[in-house]
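Given next are the chains, with one letter for each unit.
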Amino acid sequence: MANVTLRNVRKTYTGGFEAIKGVNVDVGDGQFCVLVGPSGCGKSTLLRMVAGLETVTGGEIDIGGKVVNQVEPADRDIAMVFQNYALYPHMSVFNNMAYGLRNRGMKEAEIKTRVEEAARVLELTSMLERKPRQLSGGQRQRVAMGRAIVRQPKVFLFDEPLSNLDAKLRISMRVEIRKLQRRLNVTSIYVTHDQLEAMTLADVLVVMNGGQVEQVGNPLAIYEKPATTFVASFIGAPPMNLMSTRADEIKSQLGGGAGEAGILGVRPEDFAITDQTPSGGVALPLTVEAIERVGAETFVYGSRAQNEQRVAANPGELPPGEIIVRIPGSEAPPIGQQIRVAAIRSKLHLFSGDGRTRIEA
Amino acid sequence: MVEQEGFRRYVAHIILWIGIAIVAFPVYVAFVASTQDNALIANGQMSLLPGGHFFEVYYQTIFVGTSGSTREPVANMMLNSLIMALLIAVGKIAISIISAYGIVYFRFPFRMPIFWLIFITLMLPVEVRIYPTYKIVADLHLLDSYAGLALPLIASATATLLFRQFFMTVPDELLEASRIDGAGPLRFFWDTLLPLSRTNMAALFVILFILGWNQYLWPLLITTRDDMQTIQIGIRKMMTTNDALTEWPIVMATAVLAMLPPVFVVVVMQKLFVRGLVETEK
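So the sequence lines, in the order shown, correspond to chains A and B. Here the first sequence is numbered in this note's numbering, starting from 1 and rising by one per residue. Here the second sequence is numbered in this note's numbering, starting from 1001 and rising by one per residue.
Hints should not be assumed to be uniformly reliable.
[What the hints assert, rightly or not] To spell it out: a stretch of chain B is covered by chain A in this simulated footprint if at least three of its residues, at any positions, have a beta carbon under 8 Å from a beta carbon of chain A; those stretches are:
no., stretch
1, 1163-1175
2, 1213-1225
[Claimed, not checked] Here are the simulated SDA-like cross-link-like pairs (lysine to any residue), alpha carbons at most 20 Å apart as the crow flies:
no., chain 1, residue 1, chain 2, residue 2
3, A, Lys154, A, Glu60
4, B, Lys1237, B, Val1023
5, A, Lys131, B, Lys1135
6, A, Lys131, B, Asn1038
7, A, Lys154, A, Ile339
8, A, Lys131, B, Phe1007
9, A, Lys347, A, Asp275
10, A, Lys154, B, Thr1199
11, A, Lys347, A, Pro239
12, A, Lys131, B, Val1274
13, A, Lys107, B, Ala1157
14, A, Lys154, A, Lys131
15, A, Lys131, B, Leu1194
16, B, Lys1135, B, Arg1198
17, A, Lys131, A, Leu165
18, A, Lys131, B, Leu1272
19, A, Lys131, B, Pro1195
20, A, Lys131, B, Pro1261
21, B, Lys1237, B, Asn1038
22, A, Lys131, B, Glu1173
23, B, Lys1271, B, Pro1261
24, A, Lys154, B, Gln1060
25, A, Lys21, A, Glu72
26, A, Lys131, B, Lys1237
[Claimed, not checked] Beta-carbon label-pair distances, calculated as ranges:
no., chain 1, residue 1, chain 2, residue 2, range
27, B, Ser1145, A, Ser126, 55 to 65 Å
28, B, Thr1169, A, Ile335, 43 to 53 Å
29, A, Arg133, B, Tyr1131, 45 to 55 Å
30, A, Ser126, B, Leu1186, 26 to 36 Å
31, A, Val175, B, Thr1169, 52 to 62 Å
32, B, Glu1127, A, Gln134, 26 to 36 Å
33, B, Leu1186, A, Glu129, 22 to 32 Å
To be clear, the hints were calculated from the coordinates, so they are not data collected in a lab. For glycine and all other residues, C-beta sits at the position ideal for the given N, C-alpha and C.
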């Protein structure tokens, strides 16, 4: 049981490339922390620094009140689950789980108890004598989990553990991991690029971009009040609609200081197709360009009359001038039709022109 | 494999059989010659069917040797060859797997220059560096010893390279998982890398054993005592007789015997590395 605290952690490679540019995160005891961001944002590097697989070039990593910068991975009392599982191919499932315990000189009887208990929890009991290659992807994933559990470490580290599984299995394993973590109540740090995984698993969500933390907090709080346009477009699918407030039609509607803010964001579900203009809100004329029906809801892709310049280039962001509206049910206007969509004042997000600051109107 | 029909299939088989005959016929003749009476061979009247002297000739070859030229029973030569070939094969594998491990998994000063140095020695086989090598072995008083026979041939750039390539395909995560599991460098090498390299080692062993078994020039230079000579040297010596008739049945019997260990190694190890290929472990 331990807190994990990162204080101004930096990583600069010998070539001078700065992968982590000063990260501060505090993960409380028993909390599930998810690091999320696009590929190359440094989230895996950060996790590997916590594990001790990458050296720390600046700042401190503190596990359970002890600075571990110079401590070997094996002595940090952590366990890690890798993306490709990293099971020892020549060892049976039992030995894969027992290996770390044996290296620590644990008694064979105790090892047996622990491995069998973990196997029972993960439903691997009948497979203990098999080799990893005789297992399916999901089973291998569970063995990798088992290897982490038997150690009874202070911290679990997960490096995109579900990205090699198919979509259905990923969802069920996601639930499994969350249940397991709740029951064992072990502090966990989990890296993923999948924002849905991040939202559903996290107690504390850390959104990273370009080696920096964009926002830390409760997933829903982040969803409701993204601190930057990057977070706004990265968290939530489909992404938030972002447009320049300087476009005439928007500026006139927002009025005053808000009109000068820079960037206006509206989540697809916060738009409604209506002819009314809510007071203080925003209404836009759109031409319907595409419809996606997924059953319970429908996504309407529309283009605005005026083309506008891209306000910021973020991964997952919509092309400039395109707006997504998410409406319940499967009723949708035909393609090519002119519609009007509107959002009420409390659902508007305002950001500074560079997208780095949220403005509370 | 493509299943072919009728005529074409027969043609393919006939070609294969011709190939087999070309390879196997000299071996057969050697065997036949080893069962004949020497006088008959010397007259040029050797039949193509095995003669009746099989036990007699092989007994003399294995336990007594030729009456003139070599004075050594072939059993002893085979033992020398076997010890040399095993020392070379095992030594080469041991030394190259360790150096490959060092080069792939450790960061140390001059790592790449050292790697290239090893690589360059590929271009310097024993024959090229024979004089300095002989000098060193002589100065170390290793002439006429197994160590002298095997040691200079043990360093192997090829095998080091092969293991290096293999180690580079082993996922880094295995090393990282081992580190987290508390396995140090030696443990990782012993518990994970060695078992994973098993099939590579088997394949390499076959090649290196045959290479060691067939050594000729080096043993010729550094062994002078009769009881240290290897079988390849023995065959050559048996053939050169000054006045007396070459004892062809014994020479041929020795040649047949010299073929057996490599054949045995190939047959036994083939199973192991075919199994290794079938159950890919990675």
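Given a hinted range of 45 to 55 Å, is it respected by the beta-carbon distance of arginine 133 of chain A and tyrosine 1131 of chain B? holds (51 Å)
Within 20 Å, alpha carbon to alpha carbon, are lysine 131 of chain A and leucine 165 of chain A? Roughly 19 Å separates the two Cα atoms, so the pair holds.
Measure nothing beyond the straight line between the CA atoms of lysine 154 of chain A and isoleucine 339 of chain A; if it is 20 Å or shorter, mark the hint as holding. Violated, because 56 Å separates the two Cα atoms, which is more than 20 Å.
Hinted pair lysine 131 of chain A and leucine 1194 of chain B, Cα distance within 20 Å: Roughly 17 Å between the alpha carbons, so the hint for lysine 131 of chain A and leucine 1194 of chain B holds.
Serine 1145 of chain B versus serine 126 of chain A beta-carbon gap, inside 55 to 65 Å or not: holds (57 Å)
Within 20 Å, alpha carbon to alpha carbon, are lysine 107 of chain A and alanine 1157 of chain B? violated (43 Å)
At the C-beta level, are leucine 1186 of chain B and glutamate 129 of chain A separated by a distance inside 22 to 32 Å? holds (27 Å)
Can you let me know if the beta-carbon spacing of valine 175 of chain A and threonine 1169 of chain B is within 52 to 62 Å? For valine 175 of chain A and threonine 1169 of chain B the Cβ distance comes to about 35 Å; the hint is violated.
Is the hinted pair lysine 1135 of chain B and arginine 1198 of chain B satisfied, with a Cα-Cα distance of at most 20 Å? Violated - the C-alpha atoms of arginine 1198 of chain B and lysine 1135 of chain B are around 36 Å apart, more than 20 Å.
Run the distance test for lysine 1237 of chain B versus valine 1023 of chain B: straight-line Cα separation, threshold 20 Å. Violated, at about 25 Å.
Can you confirm whether the C-alpha distance between lysine 131 of chain A and glutamate 1173 of chain B stays at or below 20 Å? holds (18 Å)
If you draw a straight line from the CA of lysine 154 of chain A to the CA of lysine 131 of chain A, is it 20 Å or shorter? Distance of about 28 Å is beyond 20 Å: violated.
In the structure shown, a violation is registered for the earlier hints numbered 2, 4, 5, 6, 7, 8, 10, 13, 14, 16, 20, 24, 25, 26, 31 and 32, in ascending order.
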